[in-house]
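So that you can map any letter, position 130 of the sequence shown is 130 in full-length UniProt numbering, and since no number is skipped, the others follow by simple counting.
Note that these hints are calculated values from the structure, not bench results. Fair warning: there could be bad hints in the mix.
[Claimed, not checked] With a cut-off of at most 25 Å between alpha-carbon atoms, the simulated SDA-like pairs for lysine to any residue come out as follows:
(1) K89 - G144
(2) K94 - G104
(3) K89 - T73
(4) K94 - M157
(5) K89 - A37
(6) K89 - L10
(7) K94 - M150
(8) K89 - L119
(9) K27 - A37
(10) K89 - L17
(11) K27 - L17
(12) K89 - D63
(13) K27 - A47
(14) K89 - A13
(15) K94 - A37
(16) K89 - A70
(17) K94 - A151
(18) K27 - L50
(19) K94 - P83
(20) K89 - A146
(21) K89 - I20
(22) K89 - K27
(23) K94 - T75
(24) K89 - T61
(25) K89 - G105
(26) K94 - A125
(27) K89 - D118
(28) K94 - A47
(29) K89 - P178
(30) K94 - A172
(31) K94 - T135
(32) K94 - G74
(33) K89 - A121
(34) K89 - E126
(35) K27 - V8
(36) K94 - L50
(37) K89 - L175
(38) K94 - G115
(39) K27 - E52
(40) K94 - L17
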Amino acid sequence: MPVLISAVVLVGALCSLDLILTLGVIKRLREHGELLAARAVDRPRSAIELGEPVGEFTTHTVDGEPLNRATMTGTTLVGFFTPTCGPCKEQLPKFMEYARTMPGGRDRVLAAVVGDEDLAAPMVAELRSVAKVVTQTRNEEPMGAAFEIMAFPTVLMVAPDAEGDVVVTDDAVDLSRPALPV
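Taking the hints into account, I'd like the entire structure generated from these sequences.
In C-alpha coordinates, the structure reads:
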(Lines of atoms letter the chains of each structure in order from A and count residues from 1; the text may use other names and numbers.)
(Lines give C-alpha, C1' and ligand atoms only; values in the text may rest on other atoms or scores of the structure.)
Protein backbone atom coordinates (compact mmCIF):
# COMPACT_ATOMS: atom_id res chain seq x y z
CA MET A 1 0.00 0.00 0.00
CA PRO A 2 2.79 2.56 0.73
CA VAL A 3 4.19 1.89 -2.78
CA LEU A 4 0.82 2.66 -4.36
CA ILE A 5 0.47 5.89 -2.37
CA SER A 6 4.02 6.91 -3.39
CA ALA A 7 3.24 6.21 -7.06
CA VAL A 8 0.01 8.27 -6.93
CA VAL A 9 1.85 11.17 -5.22
CA LEU A 10 4.64 10.98 -7.83
CA VAL A 11 2.14 11.00 -10.73
CA GLY A 12 0.30 13.94 -9.13
CA ALA A 13 3.57 15.86 -8.71
CA LEU A 14 4.53 15.20 -12.36
CA CYS A 15 1.11 16.36 -13.58
CA SER A 16 1.37 19.53 -11.48
CA LEU A 17 4.85 20.23 -12.88
CA ASP A 18 3.56 19.64 -16.42
CA LEU A 19 0.66 22.05 -15.83
CA ILE A 20 3.00 24.76 -14.51
CA LEU A 21 5.35 24.38 -17.49
CA THR A 22 2.42 24.43 -19.96
CA LEU A 23 1.05 27.64 -18.43
CA GLY A 24 4.53 29.18 -18.68
CA VAL A 25 4.76 28.28 -22.37
CA ILE A 26 1.29 29.73 -23.04
CA LYS A 27 2.25 32.98 -21.29
CA ARG A 28 5.45 33.18 -23.34
CA LEU A 29 3.55 32.57 -26.60
CA ARG A 30 1.14 35.39 -25.77
CA GLU A 31 4.06 37.74 -25.14
CA HIS A 32 5.67 36.78 -28.45
CA GLY A 33 2.37 37.23 -30.27
CA GLU A 34 2.00 40.74 -28.85
CA LEU A 35 5.58 41.59 -29.82
CA LEU A 36 5.07 40.33 -33.37
CA ALA A 37 1.79 42.21 -33.71
CA ALA A 38 3.43 45.42 -32.48
CA ARG A 39 6.33 44.93 -34.87
CA ALA A 40 3.97 44.41 -37.83
CA VAL A 41 2.24 47.71 -37.03
CA ASP A 42 5.55 49.59 -36.60
CA ARG A 43 7.07 48.01 -39.71
CA PRO A 44 7.89 50.58 -42.35
CA ARG A 45 5.87 50.05 -45.47
CA SER A 46 7.63 48.99 -48.64
CA ALA A 47 5.32 50.70 -51.13
CA ILE A 48 2.04 52.45 -51.70
CA GLU A 49 -0.73 50.66 -49.82
CA LEU A 50 -4.06 49.09 -50.72
CA GLY A 51 -6.61 51.60 -52.03
CA GLU A 52 -4.11 54.45 -52.42
CA PRO A 53 -3.88 56.23 -55.78
CA VAL A 54 -0.72 55.89 -57.85
CA GLY A 55 1.14 59.19 -58.28
CA GLU A 56 1.77 60.88 -61.62
CA PHE A 57 4.76 59.66 -63.64
CA THR A 58 6.02 59.80 -67.19
CA THR A 59 8.63 57.44 -68.59
CA HIS A 60 9.33 55.14 -71.54
CA THR A 61 9.65 51.37 -71.75
CA VAL A 62 12.86 49.80 -73.04
CA ASP A 63 10.97 49.34 -76.33
CA GLY A 64 10.34 53.11 -76.57
CA GLU A 65 6.64 53.08 -75.63
CA PRO A 66 5.52 56.11 -73.62
CA LEU A 67 4.19 55.13 -70.23
CA ASN A 68 2.31 57.10 -67.61
CA ARG A 69 -0.53 56.64 -65.17
CA ALA A 70 -3.14 57.39 -67.85
CA THR A 71 -1.91 54.51 -70.05
CA MET A 72 -2.77 52.02 -67.28
CA THR A 73 -6.38 51.48 -68.35
CA GLY A 74 -7.05 48.04 -66.87
CA THR A 75 -5.97 45.73 -64.09
CA THR A 76 -2.18 45.69 -64.24
CA LEU A 77 0.48 43.66 -62.45
CA VAL A 78 3.40 45.89 -61.47
CA GLY A 79 6.75 44.61 -60.21
CA PHE A 80 9.84 46.48 -59.02
CA PHE A 81 13.17 44.65 -59.03
CA THR A 82 16.86 45.43 -58.79
CA PRO A 83 19.67 43.21 -60.11
CA THR A 84 21.75 43.37 -56.91
CA CYS A 85 18.94 42.05 -54.69
CA GLY A 86 18.94 38.35 -53.74
CA PRO A 87 15.19 38.19 -52.99
CA CYS A 88 14.51 39.89 -56.35
CA LYS A 89 16.35 37.09 -58.15
CA GLU A 90 14.32 34.53 -56.20
CA GLN A 91 10.98 36.28 -56.93
CA LEU A 92 11.68 36.88 -60.62
CA PRO A 93 10.73 33.37 -61.90
CA LYS A 94 7.50 33.44 -59.84
CA PHE A 95 6.69 36.92 -61.15
CA MET A 96 7.27 35.80 -64.72
CA GLU A 97 5.13 32.68 -64.33
CA TYR A 98 2.33 34.74 -62.77
CA ALA A 99 2.66 37.33 -65.56
CA ARG A 100 2.16 34.62 -68.18
CA THR A 101 -1.27 33.91 -66.68
CA MET A 102 -2.41 37.56 -66.57
CA PRO A 103 -5.55 38.26 -68.57
CA GLY A 104 -4.53 40.71 -71.28
CA GLY A 105 -1.02 39.28 -71.43
CA ARG A 106 2.05 41.47 -71.71
CA ASP A 107 -0.06 44.65 -72.02
CA ARG A 108 -1.27 44.16 -68.43
CA VAL A 109 2.15 43.55 -66.88
CA LEU A 110 4.67 46.25 -66.03
CA ALA A 111 8.14 45.63 -64.60
CA ALA A 112 10.62 48.24 -63.42
CA VAL A 113 14.26 47.27 -63.07
CA VAL A 114 16.15 49.77 -60.94
CA GLY A 115 19.92 49.94 -61.00
CA ASP A 116 23.00 50.05 -63.21
CA GLU A 117 22.06 49.45 -66.84
CA ASP A 118 24.79 46.84 -67.45
CA LEU A 119 23.83 44.82 -64.35
CA ALA A 120 20.13 45.14 -65.19
CA ALA A 121 20.47 43.90 -68.81
CA PRO A 122 19.98 40.14 -68.10
CA MET A 123 16.94 40.81 -65.89
CA VAL A 124 15.47 43.16 -68.51
CA ALA A 125 16.00 40.56 -71.23
CA GLU A 126 14.11 37.94 -69.19
CA LEU A 127 11.23 40.25 -68.33
CA ARG A 128 10.67 41.61 -71.86
CA SER A 129 8.93 38.41 -72.93
CA VAL A 130 6.15 38.80 -70.34
CA ALA A 131 6.05 42.52 -69.44
CA LYS A 132 6.50 46.06 -70.54
CA VAL A 133 9.85 46.88 -68.95
CA VAL A 134 11.14 50.19 -67.64
CA THR A 135 14.73 50.70 -66.51
CA GLN A 136 15.66 53.36 -64.01
CA THR A 137 18.67 54.43 -62.04
CA ARG A 138 18.43 55.12 -58.35
CA ASN A 139 18.85 58.85 -59.04
CA GLU A 140 16.00 59.00 -61.56
CA GLU A 141 12.96 56.99 -60.50
CA PRO A 142 9.70 58.56 -61.68
CA MET A 143 7.83 55.25 -61.36
CA GLY A 144 9.44 54.40 -58.02
CA ALA A 145 8.32 57.74 -56.64
CA ALA A 146 4.78 57.37 -58.04
CA PHE A 147 4.44 53.95 -56.38
CA GLU A 148 6.32 55.07 -53.23
CA ILE A 149 8.75 52.14 -53.53
CA MET A 150 10.99 51.75 -50.48
CA ALA A 151 12.06 48.09 -50.78
CA PHE A 152 12.75 45.47 -53.42
CA PRO A 153 11.16 43.32 -54.68
CA THR A 154 7.72 44.89 -54.60
CA VAL A 155 4.78 43.44 -56.53
CA LEU A 156 1.43 45.23 -56.74
CA MET A 157 -1.83 44.95 -58.64
CA VAL A 158 -3.37 48.24 -59.78
CA ALA A 159 -6.55 49.18 -61.63
CA PRO A 160 -8.64 52.27 -62.34
CA ASP A 161 -11.34 52.93 -59.75
CA ALA A 162 -14.86 54.28 -60.42
CA GLU A 163 -13.50 57.82 -60.86
CA GLY A 164 -10.78 56.64 -63.25
CA ASP A 165 -7.89 57.07 -60.79
CA VAL A 166 -5.35 54.24 -60.85
CA VAL A 167 -5.30 52.73 -57.35
CA VAL A 168 -3.62 49.76 -55.70
CA THR A 169 -6.05 46.83 -55.63
CA ASP A 170 -3.62 44.31 -54.11
CA ASP A 171 -0.44 45.13 -52.18
CA ALA A 172 0.34 41.49 -51.35
CA VAL A 173 0.08 39.63 -54.66
CA ASP A 174 0.36 35.86 -54.15
CA LEU A 175 2.69 34.85 -56.99
CA SER A 176 2.40 31.17 -56.13
CA ARG A 177 -1.06 30.98 -57.70
CA PRO A 178 -2.03 31.89 -61.27
CA ALA A 179 -3.76 35.19 -61.95
CA LEU A 180 -7.53 34.95 -62.00
CA PRO A 181 -9.46 36.35 -64.96
CA VAL A 182 -10.92 39.75 -64.17
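Hints the structure fails to honour: Result: hints 3, 5, 6, 10, 13, 14, 15, 16, 18, 21, 22, 35, 39 and 40 break, sorted rising.
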